[in-house]
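> Throw the hints in and build the complete structure from the sequences for me.
Protein chains in written order, with numbering that gives the first Met the number 0: chain H, 0 to 947; chain L, 0 to 256.
Check each hint, because a few of them may be wrong.
Claimed, not checked - Incomplete in silico selection of chain H near chain L, CB under 8 Å: (1) P14; (2) M359; (3) N629; (4) A630.
Because the hints were derived from the structure by calculation, they are not lab data. Using N, Cα and C, we set each Cβ at its ideal position, and we do this for glycine too.
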Amino acid sequence: MPVQEVRTRIKTNLPDPAGEALLAEIRSALGLNSVRMVRTARVFRFEGLTPAQADLLAQSLLWEETFQDYTVNRPLITDADRLLEVAYRPGVMNPEAASLVKAAHDLGLRHLDAADSSQEYAFYGPVTPEEIELITKRLLVNATIQHVVTAKPESLRIAGAGRATKIIPLRRMGDGQLMELSRDKLFLSLDEMRLIQEYFRRAGRDPSDCEVEVLAQTWSEHCMHKTFKARITVGGREKKPFLKRLQEATADVDHPLVRSAYVDNSGVMAFYEGWAVCGKVETHNSPSAIEPYGGAATGSGGVFRDVMGTGQGARVIASTDMFCFAPPGTPWEEIPPGCLHPHYLLRRVVAGVRDYGNRMGIPTNNGSVHFHRDFRAKPTVIVGAYGILPEERCLKGAARAGDLVLVIGGRTGRDGIHGATFSSAAMTERTMDVNAQAVQIGHPIEEKRMSDAILEARDKNLIRALTDCGAGGFASAAGEMGAGTGVLLALDAAPLKYSGLAPWEILLSESQERMVAAVAPENQQPFQGVCRRLNVESTVIGEFTGDGRFRATYNGETVLDLEMSFLHDGLRTRVLEAAWEPLTPPEPVLEPPAHLSDWAELYGRVMEHLNVCSKEPLIRLYDHGVQGTNALPPLGGADLDAPNDAVVLTPLLGRPYGLVIAHGLNPVLNLIDPYHGSIWAAAEAVSNAVAAGADPAEMTLIDNFIWPVPDVEVLGALDRAVDACADFSRAMGMPFISGKDSLSSTYTTGEGLTIRIPPVLCVSVMGRVPDVRRTVSADLKQPGSTLALVGGRRPEQLGGSAYYDLHGFLGRSVPEIDLEVLRSVFEAVHRAIRAGAVTACHDISEGGLAAAVAEMAFGGRCGVRLTMPAGIRPDHFLFNETAGCFVVELTPGRAPGEVFAHVPCLAIGETTADGAITARAGEEELFSVPVAFLKHRWQRPMKEVFGA
Amino acid sequence: MRPPVCILRTDGTNCDVETAYAFGKCGADPRLVHVNELRAGSAQLSDHAVLVIPGGFSYGDDVHSGKILAVELTSFLRDALLEFTARGRPVLGICNGFQVLVRTGLLPYARLGEISATLMANDSGRFECRWVRMRIEGRSVFTRGAEGRTVTYQVAHGEGKFYTSEGVLQELEDNGQVVFRYVGPGGDPARTYPHNPNGSLNAVAGLADPTGLILGLMPHPERSVETTQNPNWRRGEGGDPDGLPVFRNAVRYAREM
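So this is what it looks like as structure tokens:
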């Protein structure tokens, strides 16, 4: 039966928001004015229906008479100058297809067996074919997952021929052949290839493709973290592996709230009343660089599953997002070949995080965006997730011999398998062209119902152990869970999206929204009952054995048989050399502004600096209120547009307990000095939490290192950054409990262009407070109160600041933070907030004290009169960015010297009702700048990017 | 007596827990019921005093927001819903639940299967999360005694623009079926963004059926039942949480049934 087509569109007398949004982008992002109007239509295709049934489906599902028109099997928009249909490539999962089939079945149309949907764009105006191509390429189609439909498809079904397991004649390969095999698809070193060869020589047989692939996957940098586990020599002196340094610091801190650190899918700390909270922060840089929407969305999905798979299952309660891009205004000619423009990347990454979190019902309420031109080849996309779970279920059980391996959630396809080609075969009616790097677009609804099922099964005590299928798919999930016992998988039992996957592909597939549970045999029925009721597919794909081997069969034939000990411990520790050469950029000599108006302009430029400006248009795209737990939102103040430093959640509704989440990073500082830059990041993260009222004694940390590809110097910088983290952890008494390294952010071309990102250390913080009513926001509360600066800093240390950057300088004098002073400042600020002596608090970061005070005034809808201290240059005083310093508004009647007696503290002025920020140095008025002017400048950049 | 409240869940429902909390806080016995349980008969709608369809992205909001669930309800639970409303039991739809009620036809005319209005994509073309002010008007069992009050709730949606024919709109106004209306700083109906966050006709944020038993609204009253949920409680706002009247009224009405 031929494919039936239904088209719907918004009636022509009504606005079409999707069309208008695209038109605005065509004008703003591409500067094209030839397009007068854009209208859109949806296209739905069905296989297995008659034309009459398609019409019935249109009337009862697809079309709403109130605002739409529709057609069946004929064009709907006929008057456009150009018409273009964009669809997902065949084989890329379109989540809407399943809903179409479900609804059709609900309506009694049982014969529908395949459905698809796509979008038509109609362009009106004298637009040229070249312009259409530009619009298509830059705004509409990401060729990795989408294509322009030129002819109606013959069929919507996807299938392929099965492929057998191959034996790889590894034993008789020479070094050259080993490396050739590795280069093509395994990415292992010669040493590692020889280890595998020796293993199979001892075994007296050649390996299957499954075995080689599983070893390569398990031993990959991504899964094994070989660099972080390597021994490091610096200047001939051997130092401990990076990971060990962080773990030893955590052990030394020996924090009583830590429940698990660096062992589970996320780090776990105790909360209140028998509950624990957990956190995990992940990166998804490479997928996001290729397909920002899908890459970021599946990044969120993956980190949510990490939390869901913590202990015996956790509920995800918060999502965070930290991004680094090149400036959105970067000229096209500066974008390296094969890379996407940051303007597009930024908006699509935000859209991906938005759609995954919003749809799954996870509030996204803490994040930041940083800009530097060296992110123009590869962005940094960091996504975090936090969860809550009963303390008594916060540790994983170990799978036991005889337990079943259940896969739950989505089906397995070819997603994320490199080098896989998907050719059509006799079973399909049309040629399939699945891109080798088929990036999945993520299915948050699948993940939400899976989460519901896990929580119910957990509470019924049906889960022994649980983990997500991320990198390495079943191979890594089952291989890790069965490390202590052994596991036997029947790969033919795994539910597939389409036929034709080779056994090794089933093992290695990175299809999203899948998790693996170890379930005792007696719990199989009740576990699957829970899943069925919640529309979650669950399938037994194997069992844990007692033989210490990782085995898999396909239709009864053994395709994988490896000793777990070789898989997990067969690799030798590497020894890597590191050396750090300090960068010596010139320290600029700047003069402070001479006139009042120069000050106003400088202040405005600092506020609109991309690393300082308001991120409100992004923040509003995220649902930050779902779950009803938000007690300190990302934006607050009189006009609800002033930023807060951290988010405070009440995950137990009706109880006063608060979870405080914050983070810090400042990549540009690591370019100059990775040690002090990393201290800055950690200090900033904790400062954000403390500014909101978190207790520095009840905090845990998460590290994320996003570094260029390691060479001796890059490793040298990493060595300094890791030392900084360990020093910070010990000095503050704050343990790192989870972390991740991603060491691949270098871009090279054949022509010798190399772009390394500024090294990123992102530190995230989880803290708890017994009563959220003892937390504060950043907005100023009333005129006439005293403002104080708390914290130690050397104002002349302006290296890497927005102030220098505006003048075209990097500078050398990175803020150096005294850890001893810092700890006492954190404690003093927390004590003051808890005691009710502080009505508003904001920490100093990019843009310095000037930006902090301005943001506080935005929130208070008030003014500020600053008094410059004698002996300090006013521009240094205002624009120094030392983390660990706070601007506080004191409760009336409290004096700075009394509240902050034993830490560096300075009265800096008072709040006013006059709507201006003024500064005096002695008798001289330096400037008086309207708050409204600063706010306008501060809000403008992201409004322009997001069209808000 | 704690009246049993059916909080209906399905794939993609995500405001169920806080909605249950709001009802529990106001004296109800909230029960999370999956649509599959109603379809299978292992739970009965008639065992509940109030039906609530909470917020979320039911079935991913595919095709139209709330549409797939609306089709499911009208296909499989038609009789149960007709009986429920015929017995005078209240129905509440929040955000995605409002979209579902409009797409089943339960709103605005309590006529199952007859769609006479819609919630379309926001004029801005974007999902947005922000706080909005609304005036409570009209007639519904959920807002008794709160008429005339101005409340602040959070909106978080991409498809919330209320749209219908001029005739229907006039009828809704004449019948007092507009229960929540977005207002600007001066208290006038909000015609423009951002006070009218989505471009709704006549600034309609929420509607009741002619009897006042069925209510749907885009903003989230369940996110305003605790003082600390107010974004500016530190500035002295949110002392008497604005969302509570909706849930208290439902419970009071259910007790009196």
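> Is the hint on N629 of chain H kept, meaning its closest Cβ partner in chain L is under 8 Å away?
OK, holds: N629 of chain H within 8 Å of chain L, min 7 Å.
> Tell me if the interface restraint on P14 of chain H is satisfied: Cβ within less than 8 Å of some Cβ in chain L.
holds (7 Å)
> At a threshold of 8 Å, is the proposed contact between A630 of chain H and chain L supported by beta-carbon distances?
With a minimum Cβ separation of about 4 Å from chain L (threshold 8 Å), the hint on A630 of chain H holds.
> Hint M359 of chain H vs chain L: min CB-CB distance below 8 Å?
holds (7 Å)
In the structure shown, no violation is registered for any of the earlier numbered hints.
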